[in-house]
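Chemist: Let the hints inform the model, and build the full structure from the sequences given.
Chains as they are written, first to last, in our numbering: chain C, 1 to 236; chain G, 1 to 293.
Mixed in with the good hints there might be a few duds.
[Said to hold, decoys possible] Simulated crosslink set (DSSO-like; lysine-lysine; CA at most 30 Å straight-line):
id: 1; chain 1: C; residue 1: Lys73; chain 2: C; residue 2: Lys154
id: 2; chain 1: C; residue 1: Lys118; chain 2: G; residue 2: Lys162
id: 3; chain 1: G; residue 1: Lys85; chain 2: C; residue 2: Lys73
id: 4; chain 1: G; residue 1: Lys85; chain 2: C; residue 2: Lys54
It should be emphasised that the hints constitute simulated quantities derived from the structure, not laboratory data.
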Amino acid sequence: MSMLSVKDLHVHYGVIEALKGVSIDVNEGEIVSLIGANGAGKTTMLQAISGIVKKSSGDIEFLGQSIYKTNPKNIVAAGLTQVPEGRRIFTGLSVYENLMMGAFLRKDKKGIEEDLQKVYKQFPILEQRINQDASTLSGGEQQMLAMGRALMAKPKLMLLDEPSMGLAPILVKEIFSIIKEINAQGTTVLLVEQNAKMALSIAHRAYVLETGKIVLSGTGEELINSPEIQKAYLGG
Amino acid sequence: MIQFLQQMINGLSLGSIYALIALGYTMVYGIIKLINFAHGDVYMLGAFVAFYATTFFHLNFFVALVVAMVLCGVLGVVIERIAYKPLRHATRITALITAMGVSYVLEYTTQYFAGSEVKTFPTDLLDNTAFSFGGVRITMMQIYIFVITIVLMIILTYIVNKTKMGRAMRAVSVDEDAAKLMGINVDTTISFTFFLGSCLAGVAGVLVGVYYNSINPLMGMTPGLKAFIAAVFGGIGNIPGAMIGGLFIGIAETLVTAYGSSLYKDAIVYVILILVLILKPDGLLGKNVKEKV
Ligand SMILES: Nc1ncnc2c1ncn2[C@@H]1O[C@H](COP(=O)(O)OP(=O)(O)OP(=O)(O)O)[C@@H](O)[C@H]1O
Ligand SMILES: [Mg+2]
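Modeler: Structure representation (structure tokens):
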């Protein structure tokens, strides 16, 4: 079943058309990767899905309901969260407070506490730093915090925008294996990446975005082996 | 020494008032980076509401204080919705000029309805006994000012640091879009910030009105400016900074008046401010505030 369905989406920034009629589907249980070069429109796509940027036309359905006009709050409440590009953690707030921001709309105290323990298990480093100002964390730790924060919302679908950005190769591996684990535990994932190799290797399916248009799609394996992808994104 | 202690007490009373007003400036700046020039006029309206509540409706002081506080809070929310919200993504100078416009609207609307003459509160409003401790005089009114200010500051600190809404306020002030991604309603959070800040200004207006027993529609201008300076002094956007800044300016002003000359009091306060800002450009407790006003 299609969990998220984006149909012919157009987004403009003034006169610039950043998305020129994009359609993608994400099925329940999948990891779907969206790859593309700088400025292709990947972040715009995720911000449009989350209700942060204004859309010009098209439609977005989540769990069978249109969220095209829904405000960000209700989108989060429906079970769709985002780990934004550049982490965007709340500096000046402690690690614990950052995690709790993720659970902002939840009222089930017990469930929140359980999920907090799960996040600590997933990211033990965060538990050691709970009272520390989030801005004092390293880049990798901040990425984990951003992911932990998103998990605290108990999402059905998690959007991740370039989680590997600026991380050392060993950390990139770790982040990707955590994404797989999160997916295995039942969260559907839409992953945006420039690191095409990693993103395709863990994806069930993937799309390639070029200057606001989907130019290729297929299973992760198909795309890894496609000559165009080899040439343009994998340096082969 | 006695004279000095006496001046400290007077300075603390005045400083508490500046601190209450400064908190509103700093909270609003923290969340939407706007210097709300109409804030001093909300303070003035607090005094007027209490004046009418006690003079015409014969409410007692504390009831009038709560009424003024809530009405000012609501007024702050209305001002934000009508005047500032449409400009949230406009240039800062546009919003700043609008704030000045709102300030004039409030001042002259009040003048139109209430007249420009100075008003005084009923004389029997508060028991104003004075106590003497080894020659240092402290009035009941000053005790009220200290207690009310301290209680409000504790409540505010609690709200900002411990409640969900406070956490939302801090998150929005760091990163509005990231806050939206958490499901925070940014508009509600901004309204709430205006509500809190304006409540405090309203209380300050009532306290000053009763303390000096004289109110007029333009009374918000000078304390508004001083409280703004207090907020900058403490580090604009920083809540403890506004408290310290307010107290500092109140004390400095009182001491200069007592030992120097009231003629120079404002000049000296500004010189101190300038010195502090030269040494610490982000204010006493400010940190990493890249943008300056
Ligand atoms: N707020 C904005 N105002 C104007 N133009 C914008 C804005 N945000 C993005 N754009 C433009 O839209 C296009 C797509 O940007 P977007 O950030 O979605 O790309 P991206 O694929 O995420 O790139 P990157 O990999 O560098 O993050 C770019 O040409 C960019 O310059
Ligand atoms: Mg991007």
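Chemist: Hints first: check each against the structure and report whether it holds.
Modeler: Against the structure, the hints come out as follows:
Only pairs whose Cα atoms come within 30 Å are accepted, and C/Lys73 paired with C/Lys154 is accepted, the gap being roughly 14 Å. Under the criterion of a C-alpha separation no larger than 30 Å, the hint pairing C/Lys118 with G/Lys162 is consistent with the structure, at around 24 Å. Distance hint between G/Lys85 and C/Lys73 is fulfilled; the C-alpha atoms sit about 19 Å from each other, no more than 30 Å. Distance check on the hinted pair: G/Lys85 and C/Lys54 sit about 18 Å apart at the alpha-carbon level, within 30 Å; holds.
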